[in-house]
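Chemist: Sequence:
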Amino acid sequence: MDRIGQTAGRLGALAALVREAPPSAALREAFAALRLEEIVGSAQLAGARLDRTEVRALLDRGRALGGHRFEDYLIVRGYADAAGWAAQQGTRRSPVTTEDLRTLHRLAVRGISDDAGAWRTKTLPPLADGTVPPPHWLVPFETETYVGRLALDADAPAPLALARAVARLVRLQPFPNANGRVARLTANLLAYRRGFPPIVLDARTRRRYAAALRSALAGDAMPLARVIGDAMARGLERLRDAIEPADELRPLASFAGKGGTDRLYKAAQRGRLRVVRRDGRLYTTAPWVGAYAAQPSSESA
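Converting from the sequence shown to our numbering requires adding 613 to each position, the first position being numbered 1.
One or more hints might be untrue.
What the hints assert, rightly or not - Using C-beta positions, here's what the derived DEER-type ranges look like: (1) Arg-819 - Ala-645: 34 to 44 Å; (2) Arg-883 - Asp-742: 34 to 44 Å; (3) Arg-623 - Arg-682: 16 to 26 Å; (4) Gly-870 - Ala-670: 46 to 56 Å; (5) Gly-893 - Pro-748: 13 to 23 Å.
Read the hints as simulated data drawn from the structure, not as lab findings.
Everything numeric in this text was worked out from a predicted model, so none of it was measured.
Ideal Cβ placement from N, Cα and C applies to all residues, glycine included.
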């Protein structure tokens, strides 16, 4: 739990930095790129085979590139519509409702399923991991309980709250299909309402996500919380980098004469020197180093 708490604190600091930044074309482009990659990753988890270029062509120009199954294009289009709705609704601070869940499902499977937006009407066998969804006649009641628990988790660290939201909805299986998609969309709706960008599940993260989700379904949400927290941090770091011109950033080591490399690295680790991490290396700017050096207690790093 300590690591999740630390991650949540870091996410909050990054999100505040992004929120306070003045609007810019670079920031808008970075946010649009995150939204596109979120659609690509989640649609691929749902079985669509379109890559980033093909998804962009479909969404921007209506072009179906790649010769994929017709359903693949519908999955992408539907998920994009639902993700757009979640982004729009993310500015509200009201609790998620069962009608929100039905709207996400309706948009996600529109044109694919005749049951768009409807609760499932059949009792399901156990899932692959042994999880037993509730019988169909309990779905409306259990879904009300689900959204109530979302509200109770409002004060929990964001990665843990979102992990629980995903796992509980997948375990519930309230819809005839696309429950995984609706779970991820719900997590992103919650992320938006907490002031975070969407959760991007790239190829490497998707492998970790699948294993962590199995653990969450078995009762341990912490691995999934770590996966989600790491993905959220990467997204926020990309937005942060978009508001900090790269031509002003220099490797931290290049400022060794301003107090010694070791001291600067320690200051960065303790959050007293502002830095940007890119490809495993730390970068900073002359004004940031100057601000650190001006701190009264900087001698003790």
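Chemist: Taking the hints in turn, state whether each one holds.
Modeler: Results for each hint:
no. : hint                          : result
1   : Arg-819 - Ala-645: 34 to 44 Å : 21 Å, violated
2   : Arg-883 - Asp-742: 34 to 44 Å : 41 Å, holds
3   : Arg-623 - Arg-682: 16 to 26 Å : 40 Å, violated
4   : Gly-870 - Ala-670: 46 to 56 Å : 50 Å, holds
5   : Gly-893 - Pro-748: 13 to 23 Å : 50 Å, violated
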